[in-house]
Amino acid sequence: MKRLRLISQGLFLLLFLFLFFQTESKGVDELGYPVRLFLDFDPLILITTLLSAHAVAVAFYLSLIMIAVTIIFGRVFCGWACPFGTLNNLIGALKKMRSQPALGGWYRFKYCLLISLMLSALFTLQLVGIFDPLSLLIRSLSLSVNPLFNSGTRAVFDSIYDLNIKSIADVSESIYAVFKKGVLSFDQPLYRQNILIGVIFFCILGLNLYEKRFWCKYLCPLGAFLGILSRYALLKRSVSEGCTSCGLCTRECQGNAIADDMPGTNDLWRQTECIGCRNCDDVCPQNAISFGFRKQVRSAPIDLGRRRIMTSVASGLLTVPLLRSTPFSKRGFSDSSLIRPPGSLEEAEFLKRCVKCGECMKVCITNGLQPTLLEAGLEGIWSPVLVPRLGYCEYRCTLCGQVCPTGAIKQLRLEEKMRVKIGIAMIDKGRCLPYAHATPCIVCEEVCPTPKKAIWFEQATVLDRQGKKIEVKQPRVDLDLCIGCGICETKCPVRGRPAIYVMSVGESRSRENQLLL
Amino acid sequence: MNRREFLKTAAIAGIGFSIPSPLDFLNNPCEAYAKSDLVVATGPNPTKITRAAIEAFGGMKKFISKGDIVVVKPNIGWDRLPEQAANTNPEVVAALVQMCLDAGAKKVKVFDRPVNDPRRCYIQSGIHQAATAAGAEVNYIDERRFRETAINGLVLKTWPLYEEVLNADKVINVPIAKHHGLSKLTMSMKNWMGVMGGSRSHIHQRIDESLVDLSLAIKPTLTILDAVRILVRNGPQGGNLADVKKLDTVVVGTDQVAIDSFGATLFGLKGADLGYVRIGEQRGVGIMDLSKVRIRKITA
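Top line first, the protein sequences correspond to chains A and B.
All residue numbers in the first sequence are consecutive under this note's numbering, ending with 517.
All residue numbers in the second sequence are consecutive under this note's numbering, ending with 817.
Please keep in mind that the hints were generated in silico from the structure rather than gathered at the bench.
It cannot be assumed that every hint is accurate.
Derived pair list, reagent style EDC-like, types lysine to aspartate or glutamate, alpha-carbon separation capped at 20 Å [as the list claims (entries may be wrong)]:
#, chain 1, residue 1, chain 2, residue 2
1, A, LYS180, B, ASP790
2, A, LYS473, B, ASP790
3, A, LYS181, B, GLU660
4, B, LYS787, B, ASP806
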């Protein structure tokens, strides 16, 4: 059984990684693969989005399949399919001996977290993305691990290339070409907060060295959700009379499901913690353990206790006003640096749906979409913001809307997308070359992508220091035509603070955040 | 080129013309000397007119030798479709690639350093597909391969230029004729911005001088100006089909100044209206005055 499980885990992990690497433009506007498939199957996101936004993306009904599977077979997703679970498994394999579970009762913590998240969601605060394992995994891989992997690989091949020895370089470059084609990103991806997100991710993986599958046992809210669903799952474990209480199964259990002192007692088996790995069945020297569809077997309840439930409910409730009472809410519209991707819903609605999975940032063709820290409040941490100095919104690209799992970024048709304003550009006359320095420059106008350019010129005659007349074209922004894509800011040759920059003001999605009548 | 030189050239060219056709082989060296020679081909099929123009210009074999590594440098600057006339016509590029290979070229490389995302530019322009199908090696720019190159121009002293262009046996420039906000038009001389590394947008501060400096540093074997569709407004990127004019024309030559000077007439301008053409002539890159240039017009 173990081999079968490992094959299944491996295949799911490979599928996951394949889809992850496919989350990148190939020059056409379609990706060709359902890259967000794993998120579509995530019932925790389905339920919390239903609670917070009273709506849900169509593809999420796929997660009903996962609900059904769990009700029948228990948490097999955790044991057999979850790519994050598999990674935890892998790291856990580095730890040889299993110590007695030091945190035995703490498995309840994940249920408390789940209750808090649900309560917050019920009162419109969607925080599930921070803890949801699939969201967390895709975000961490996209924003931290993949950039690290790219940077490291490129550094190795670049240094070989720089040695400038032809025979060696020929070999290394052909290997490099294979890497580039298969797994490396087109350009080196770079994200703000890659360190913070990476440290969190590696710490979670590192906890496996303290106890195997630490995350799955104690923290994972999706695991908790599936645990509740599997409370009365049809597939049950039963132990026959032959059990000698040797404790081997307890030691091998991946989910903390078997009672320490009395492994043979069916009533004490925590079905909600069993992830279906079947290690117990495999190791039992008496062959006393069997799994099957039986009715009569009873198993242990989750047993949170009234106090824990009350605390979880209260903390979930209090989080809402705690995170919402910020100065942002006074203005009624978001910060002018908070440029959301095209197709984003109005900010409040956006935050109710965004699960911070990082898919949009991974797929963003210019690397301009970056995770927020506090620009959108703590509530919006790691949600996407366009940072035009780093990368602009490609005029004829609609990828971010295609990969968003929750519809926080609507999927737009190209014609719609090209009309959506995500902000407007402003010129800093104190820095702009034709204004401030009597020097010709037209870069912002040249790169402006709207068919009738949103940047136009006012022909002006200016004097240089010697009093010589110089003809320059001074750029002006047509506020009606400007869509705020930010390419002018990206390409502005004025280094440091650009001479033309984009603000979210004027964005189509907001009624309040406007400049003109 | 001063008057004496011109008369000399004209005289030699005249001798060339006077040679009867059975002695045509004598023509070739003379023709090569009379370098300001343009062929303008017009017709509905871009592939055909490209082929006809090159044939009329002496055939590709005259320029490409067996075993040559050839760079064909189109404009692939923008994430635009062929009909929007922001990038070189893919059929023209493919025809050139094919002709180079037929002439015995060992390898034909096609690339550009785009302004928009390279993947989108290569694919949406249709050039990646067309050139690959024709047998070219189409690669994205590798940032490690820009080499600081001495230019010793008026404005540009040194600049990182793309190694593949510097190392190639033959370079063929195949720009598209378009409107441009600063230089008025962008054609063959401005197309070399696509092999510049570094912060090339800075050259807009002295665009005309910089373009001439570049044209002195990079000497193409052949230049084909794509005027199948030209962009008359909102260049160099366009996007509105109303700004595109279909001329069904390509211009072939070896003198970039003459080609750009001729290109200007397609937009109702004169070569002298373009700063880089004027300065180009002054600095000996080529001939601006079209009355001194033999222009052969053909239809195909």
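### Query
Has the given pair, LYS787 (chain B) with ASP806 (chain B), been kept, meaning a C-alpha gap of at most 20 Å?
Cα-Cα ~9 Å, so holds.
### Query
Are LYS180 (chain A) and ASP790 (chain B) close enough, with their CA atoms no more than 20 Å apart?
Roughly 46 Å between the alpha carbons, so the hint for LYS180 (chain A) and ASP790 (chain B) is violated.
#### Entry: Distance restraint between LYS181 (chain A) and GLU660 (chain B), which requires alpha-carbon spacing of 20 Å or less
17 Å, holds
### Given pair status - ASP790 (chain B), LYS473 (chain A), alpha carbons within 20 Å
17 Å, holds
Of the numbered hints listed earlier, the single one contradicted by the structure is hint 1.
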